[in-house]
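Peer 1: Quick note, the sequences are listed as chains A and B, same order. If you count by our numbering, then the first sequence holds residues 1 to 113, one letter each, in order. If you count by our numbering, then the second sequence holds residues 1001 to 1115, one letter each, in order.
In case anyone wonders, no lab produced these hints; they're calculated from the structure. Here a beta-carbon is modelled for each residue, glycine too, at the ideal position from N, C-alpha and C. Any given hint might turn out to be false.
Pairwise CB distance ranges, derived in the manner of DEER restraints [claimed, not checked]:
| id | chain 1 | residue 1 | chain 2 | residue 2 | range |
| --- | --- | --- | --- | --- | --- |
| 1 | A | Pro40 | B | Pro1084 | 30 to 38 Å |
| 2 | B | Pro1084 | A | Arg61 | 40 to 48 Å |
| 3 | A | Glu9 | B | Val1012 | 40 to 48 Å |
| 4 | A | Asp39 | B | Asp1056 | 22 to 30 Å |
| 5 | B | Glu1044 | A | Asn24 | 16 to 24 Å |
| 6 | B | Leu1115 | A | Arg58 | 43 to 51 Å |
| 7 | A | Ser29 | B | Ser1007 | 47 to 55 Å |
| 8 | A | Gly16 | B | Met1015 | 43 to 51 Å |
| 9 | B | Glu1044 | A | Thr78 | 26 to 34 Å |
Straight-line C-alpha distance at most 27 Å; calculated DSSO-like pairs for lysine-lysine [what the hints assert, rightly or not]:
| id | chain 1 | residue 1 | chain 2 | residue 2 |
| --- | --- | --- | --- | --- |
| 10 | A | Lys17 | A | Lys63 |
| 11 | A | Lys100 | A | Lys55 |
| 12 | B | Lys1068 | B | Lys1078 |
| 13 | A | Lys3 | A | Lys57 |
| 14 | B | Lys1101 | A | Lys3 |
| 15 | B | Lys1101 | B | Lys1068 |
| 16 | B | Lys1078 | B | Lys1024 |
| 17 | A | Lys57 | B | Lys1068 |
| 18 | A | Lys100 | A | Lys57 |
| 19 | A | Lys57 | A | Lys17 |
| 20 | A | Lys3 | A | Lys55 |
| 21 | A | Lys71 | A | Lys55 |
| 22 | A | Lys100 | A | Lys17 |
| 23 | A | Lys100 | A | Lys3 |
| 24 | B | Lys1101 | A | Lys100 |
| 25 | B | Lys1068 | A | Lys100 |
| 26 | A | Lys59 | B | Lys1101 |
| 27 | A | Lys71 | A | Lys100 |
| 28 | A | Lys55 | B | Lys1101 |
| 29 | B | Lys1101 | B | Lys1024 |
| 30 | A | Lys100 | B | Lys1024 |
| 31 | A | Lys17 | A | Lys59 |
| 32 | A | Lys17 | A | Lys71 |
| 33 | A | Lys100 | B | Lys1078 |
| 34 | B | Lys1024 | B | Lys1068 |
| 35 | B | Lys1101 | A | Lys71 |
| 36 | A | Lys63 | B | Lys1068 |
| 37 | A | Lys63 | A | Lys100 |
| 38 | A | Lys59 | A | Lys71 |
| 39 | A | Lys71 | A | Lys57 |
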Amino acid sequence: SQKIEQNSEALNIQEGKTATLTCNYTNYSPAYLQWYRQDPGRGPVFLLLIRENEKEKRKERLKVTFDTTLKQSLFHITASQPADSATYLCALDERGATNKLIFGTGTLLAVQP
Amino acid sequence: DAGVIQSPRHEVTEMGQEVTLRCKPISGHDYLFWYRQTMMRGLELLIYFNNNVPIDDSGMPEDRFSAKMPNASFSTLKIQPSEPRDSAVYFCASTGGELAKNIQYFGAGTRLSVL
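When you get a sec, could you build the whole thing from the sequences and use the hints?
Peer 2: Next comes the structure, spelled out in structure tokens:
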């Protein structure tokens, strides 16, 4: 069956360290993968999109990698800040279904000052 | 643009009552999505529309749920009759156009509590 798995446990790190979140999937062949941020009481907000032919994408302190062989994406936040505390969701497209996304359950990140 | 607008923000109702959730997508977007989010199941896609036409409703839990999009600027998700297990946060999202291609923009959600 199709499955998208993210770190089920909350991730606690110290301010200034690099946070690394994982997204593993099975039985999908996505053309692209996205990461969203969700704060309590709000809807998810898009952060980054990486395509199947891209190995790495960066945006300011954010970096995403995409390994289609391992079926895994890693999401890094460098020099983390307490304001980065949120739930982070990965999402895959369903090939053949334009714009349809399947979301992982998310990882709660807590950055301690 | 004001973004995706959902109403109401909170809804408390009793079992058996009809519930209607509303969504106004971003102007110019031609895709609209309805999601449900719970702690147990995460963010689940219920149904999505393209140019006001339902494309995939395979995520709709059962016949008690229905969704419509009468025009490009308005959609509703209706639950009739509602049950306690429908309690969740319901999100609407939209996408479209070259600049927003593949990226979904979410509303603030409607928190539904069915007592």
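Peer 1: Take the hints in turn and mark each one as holding or not.
Peer 2: Structure-based check of all given hints:
{"no.": "1", "hint": "A:Pro40 to B:Pro1084: 30 to 38 Å", "result": "violated (23 Å)"}
{"no.": "2", "hint": "B:Pro1084 to A:Arg61: 40 to 48 Å", "result": "holds (42 Å)"}
{"no.": "3", "hint": "A:Glu9 to B:Val1012: 40 to 48 Å", "result": "violated (32 Å)"}
{"no.": "4", "hint": "A:Asp39 to B:Asp1056: 22 to 30 Å", "result": "holds (28 Å)"}
{"no.": "5", "hint": "B:Glu1044 to A:Asn24: 16 to 24 Å", "result": "holds (19 Å)"}
{"no.": "6", "hint": "B:Leu1115 to A:Arg58: 43 to 51 Å", "result": "holds (48 Å)"}
{"no.": "7", "hint": "A:Ser29 to B:Ser1007: 47 to 55 Å", "result": "violated (38 Å)"}
{"no.": "8", "hint": "A:Gly16 to B:Met1015: 43 to 51 Å", "result": "holds (50 Å)"}
{"no.": "9", "hint": "B:Glu1044 to A:Thr78: 26 to 34 Å", "result": "holds (32 Å)"}
{"no.": "10", "hint": "A:Lys17 to A:Lys63", "result": "holds (14 Å)"}
{"no.": "11", "hint": "A:Lys100 to A:Lys55", "result": "holds (22 Å)"}
{"no.": "12", "hint": "B:Lys1068 to B:Lys1078", "result": "holds (9 Å)"}
{"no.": "13", "hint": "A:Lys3 to A:Lys57", "result": "holds (24 Å)"}
{"no.": "14", "hint": "B:Lys1101 to A:Lys3", "result": "holds (24 Å)"}
{"no.": "15", "hint": "B:Lys1101 to B:Lys1068", "result": "holds (23 Å)"}
{"no.": "16", "hint": "B:Lys1078 to B:Lys1024", "result": "holds (15 Å)"}
{"no.": "17", "hint": "A:Lys57 to B:Lys1068", "result": "violated (37 Å)"}
{"no.": "18", "hint": "A:Lys100 to A:Lys57", "result": "holds (22 Å)"}
{"no.": "19", "hint": "A:Lys57 to A:Lys17", "result": "holds (20 Å)"}
{"no.": "20", "hint": "A:Lys3 to A:Lys55", "result": "holds (22 Å)"}
{"no.": "21", "hint": "A:Lys71 to A:Lys55", "result": "holds (12 Å)"}
{"no.": "22", "hint": "A:Lys100 to A:Lys17", "result": "violated (34 Å)"}
{"no.": "23", "hint": "A:Lys100 to A:Lys3", "result": "holds (15 Å)"}
{"no.": "24", "hint": "B:Lys1101 to A:Lys100", "result": "holds (12 Å)"}
{"no.": "25", "hint": "B:Lys1068 to A:Lys100", "result": "holds (18 Å)"}
{"no.": "26", "hint": "A:Lys59 to B:Lys1101", "result": "holds (18 Å)"}
{"no.": "27", "hint": "A:Lys71 to A:Lys100", "result": "holds (19 Å)"}
{"no.": "28", "hint": "A:Lys55 to B:Lys1101", "result": "holds (20 Å)"}
{"no.": "29", "hint": "B:Lys1101 to B:Lys1024", "result": "holds (19 Å)"}
{"no.": "30", "hint": "A:Lys100 to B:Lys1024", "result": "holds (19 Å)"}
{"no.": "31", "hint": "A:Lys17 to A:Lys59", "result": "holds (17 Å)"}
{"no.": "32", "hint": "A:Lys17 to A:Lys71", "result": "holds (26 Å)"}
{"no.": "33", "hint": "A:Lys100 to B:Lys1078", "result": "holds (21 Å)"}
{"no.": "34", "hint": "B:Lys1024 to B:Lys1068", "result": "holds (12 Å)"}
{"no.": "35", "hint": "B:Lys1101 to A:Lys71", "result": "holds (23 Å)"}
{"no.": "36", "hint": "A:Lys63 to B:Lys1068", "result": "violated (39 Å)"}
{"no.": "37", "hint": "A:Lys63 to A:Lys100", "result": "holds (24 Å)"}
{"no.": "38", "hint": "A:Lys59 to A:Lys71", "result": "holds (22 Å)"}
{"no.": "39", "hint": "A:Lys71 to A:Lys57", "result": "holds (16 Å)"}
When each numbered hint is compared with the structure, violations occur for hints 1, 3, 7, 17, 22, 36.
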